[in-house]
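Novice: In order, the protein sequence lines correspond to chains A and B. Take any residue in the first sequence, note its place counting from 1, add 343, and you have its number in my numbering. Take any residue in the second sequence, note its place counting from 1, add 274, and you have its number in my numbering.
Among these hints, one or two may not hold up.
What the hints assert, rightly or not - Straight-line distance between alpha carbons at most 27 Å, and here's what the computed DSS-like set of lysine-lysine pairs gives:
1. B:Lys665 / A:Lys367
2. B:Lys380 / B:Lys614
3. B:Lys350 / B:Lys418
4. B:Lys380 / B:Lys677
5. B:Lys418 / B:Lys665
6. B:Lys418 / A:Lys366
7. B:Lys483 / B:Lys614
8. A:Lys366 / B:Lys614
9. A:Lys367 / B:Lys350
10. A:Lys367 / B:Lys515
11. B:Lys350 / B:Lys515
12. A:Lys367 / B:Lys742
13. B:Lys677 / B:Lys665
14. B:Lys483 / A:Lys366
15. B:Lys483 / B:Lys665
16. B:Lys350 / B:Lys419
17. B:Lys677 / B:Lys419
18. A:Lys366 / B:Lys515
Hint data in this document are derived by calculation from the structure and do not stem from the laboratory. Predicted model only: the values in this text are computed from it and were never measured.
These are the residues of each chain, in order.
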Amino acid sequence: MSEQDLRSELSNSVVEPLLPIEKKLIGWSLSLGIGLLVVLLIANHFYPIKG
Amino acid sequence: MSNAALAGELGADNSAEKTAGTCAAPGLSEDWLAVWIGLLVFVLALVGVAGPNLLGWVVSTSVWTDVSGALGPAAKNYAGLGGIGALLVTYVALLVVLSVGAAALKIDVRRFALRFTVVFAIAYASWVVGSYAHFAAVTPSDFKKFGIDWSLRLTNEGGFIFALVAGLIISNFFPRFAEWLKEAIRPELYIKIAIVILGAFIAVTVAGKLSLASSVLLRGIAAIIEAYLIYWSVVYFVARKWFGFSREWAAPLASGISICGVAAAIATGGAIRSRPSVPVLVSSLVVVFAVVEVLILPFVAQTYLSHEPLVAAAWIGLAVKTDGAAVAAGGITEALILAKAAAEGVQYEPGWILGTTAAIKVFIDVFIGVWAFILAYIWTNHINVQKGGEKARVGEIWQRFPKFILGFVLTFLVGFYLASTATPDTLARITPAIGTANAFRVIFFILTFFSIGVLSNFRSLWREGLGKLVAVYVVSLFGFVVWVGLLVSWIFFSGVKPPLVN
Numbered sequence: 344m345s346e347q348d349l350r351s352e353l354s355n356s357v358v359e360p361l362l363p364i365e366k367k368l369i370g371w372s373l374s375l376g377i378g379l380l381v382v383l384l385i386a387n388h389f390y391p392i393k394g
Numbered sequence: 275m276s277n278a279a280l281a282g283e284l285g286a287d288n289s290a291e292k293t294a295g296t297c298a299a300p301g302l303s304e305d306w307l308a309v310w311i312g313l314l315v316f317v318l319a320l321v322g323v324a325g326p327n328l329l330g331w332v333v334s335t336s337v338w339t340d341v342s343g344a345l346g347p348a349a350k351n352y353a354g355l356g357g358i359g360a361l362l363v364t365y366v367a368l369l370v371v372l373s374v375g376a377a378a379l380k381i382d383v384r385r386f387a388l389r390f391t392v393v394f395a396i397a398y399a400s401w402v403v404g405s406y407a408h409f410a411a412v413t414p415s416d417f418k419k420f421g422i423d424w425s426l427r428l429t430n431e432g433g434f435i436f437a438l439v440a441g442l443i444i445s446n447f448f449p450r451f452a453e454w455l456k457e458a459i460r461p462e463l464y465i466k467i468a469i470v471i472l473g474a475f476i477a478v479t480v481a482g483k484l485s486l487a488s489s490v491l492l493r494g495i496a497a498i499i500e501a502y503l504i505y506w507s508v509v510y511f512v513a514r515k516w517f518g519f520s521r522e523w524a525a526p527l528a529s530g531i532s533i534c535g536v537a538a539a540i541a542t543g544g545a546i547r548s549r550p551s552v553p554v555l556v557s558s559l560v561v562v563f564a565v566v567e568v569l570i571l572p573f574v575a576q577t578y579l580s581h582e583p584l585v586a587a588a589w590i591g592l593a594v595k596t597d598g599a600a601v602a603a604g605g606i607t608e609a610l611i612l613a614k615a616a617a618e619g620v621q622y623e624p625g626w627i628l629g630t631t632a633a634i635k636v637f638i639d640v641f642i643g644v645w646a647f648i649l650a651y652i653w654t655n656h657i658n659v660q661k662g663g664e665k666a667r668v669g670e671i672w673q674r675f676p677k678f679i680l681g682f683v684l685t686f687l688v689g690f691y692l693a694s695t696a697t698p699d700t701l702a703r704i705t706p707a708i709g710t711a712n713a714f715r716v717i718f719f720i721l722t723f724f725s726i727g728v729l730s731n732f733r734s735l736w737r738e739g740l741g742k743l744v745a746v747y748v749v750s751l752f753g754f755v756v757w758v759g760l761l762v763s764w765i766f767f768s769g770v771k772p773p774l775v776n
């Protein structure tokens, strides 16, 4: 498929609804990411960077 | 940027090439080539610790008002070469080594050599122009020394911007010339060689400050979490839900914006079995936006984050996409912030800002293969389930692992061991030896900046059909990635300063 075809495909694409597995991927990634950042934040509080 | 031109950029990863269907000549991968060339420079530099300085002839540039005094060899014992002699020797040495590398990559060596000559000439000339005192001088003592009363205060590293702009001019106003140069336009190769060499420089910088260095490295974990789990999921959601992109487009786009640009977009395209042209088109946007970031973010960091140097370093590593642009932007940010601090009477040790940016980027890179495997598993088992179709293989993790990181880790470990166990006398010889290797790192940075410029055709943004792709990139990058990156960098790095020069 040429680059031109891809561009016209982008302009006229049909919307694909989010599948349950995609919602799970987004939800789990985000939750895990925020959770791990909070854990790191707590660790950062108790073990601050030493110069 | 054409697909053909982008092929050079994508040449970093053989697996990616196979996936993208570009530049698929069998041979050594650019990743491994970067490891071997970087190690060659490192080993030759180390010989200088115990014996003769084998690399002292490498050219270096000083800030100048009289161009005849701008160039010189890095080591005094090669002073007889003079500036032009050092430049010629450096050019010939790079030409020979990189031509051997080109042969290993199955590239036409004669075509590469001719084009590399032109690339080196323009890129290094841009660097020299950038070192002109009216562009580079920063402190009042510099002004006095050079007898000038104004300067753009871009620092010596402002030459990187000049190299980038030279590449942009060629790409956007002389596209045929840009196309002609493409065999030698290999930003991923150049930056990966630089990163392998950088490992040793960082090691010598942090030796003796293990507590601070290990604390900074541990906080690199936050960058991995942010890039893969938070950025990716939000950008994927925005692309799918708000902009209506198909899964085939949204996944490489999310990886390109969130993780590390071109390599991640290509790896994701392969993982979800997209058509080869999809990640290639996404990658062309990644490169263009990386250039925009390089031209803006270091100056923003200097203006608003000069009192939080490591926040600035981590932010650049998280916000700027593609390895080349991110690490190079880290170099400019370091120069700008050190210069501003110096003007205020604070002398930070060089290497910490660049080292933090590079560490953040390397940490993120390490997990590309793992993330690609996870996506491949989900796509082949739950989204694009095909009876008898190819399933995700654990081997893909290693296949997509950026091998140049092995070189970075090796030079870091060896350099760190040598620097932390050496006697003061030996350490006094190790530091200049690694400094000589670092002069090569600077040259590979220059080549990277110029190459990124040549690959960035801004007219591609106005082409029909790409508007939606550009829109999701702008919304995600400047509406989310940059700000969350700043917030996380601030949380984990605020209040932490690089050591002061004794």
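Novice: When the structure is checked against the list of hints, which entries are broken? Sort them ascending.
Specialist: The structure breaks hints 2, 5, 6, 8, 9, 11, 14, 15 and 17; every other hint is satisfied.
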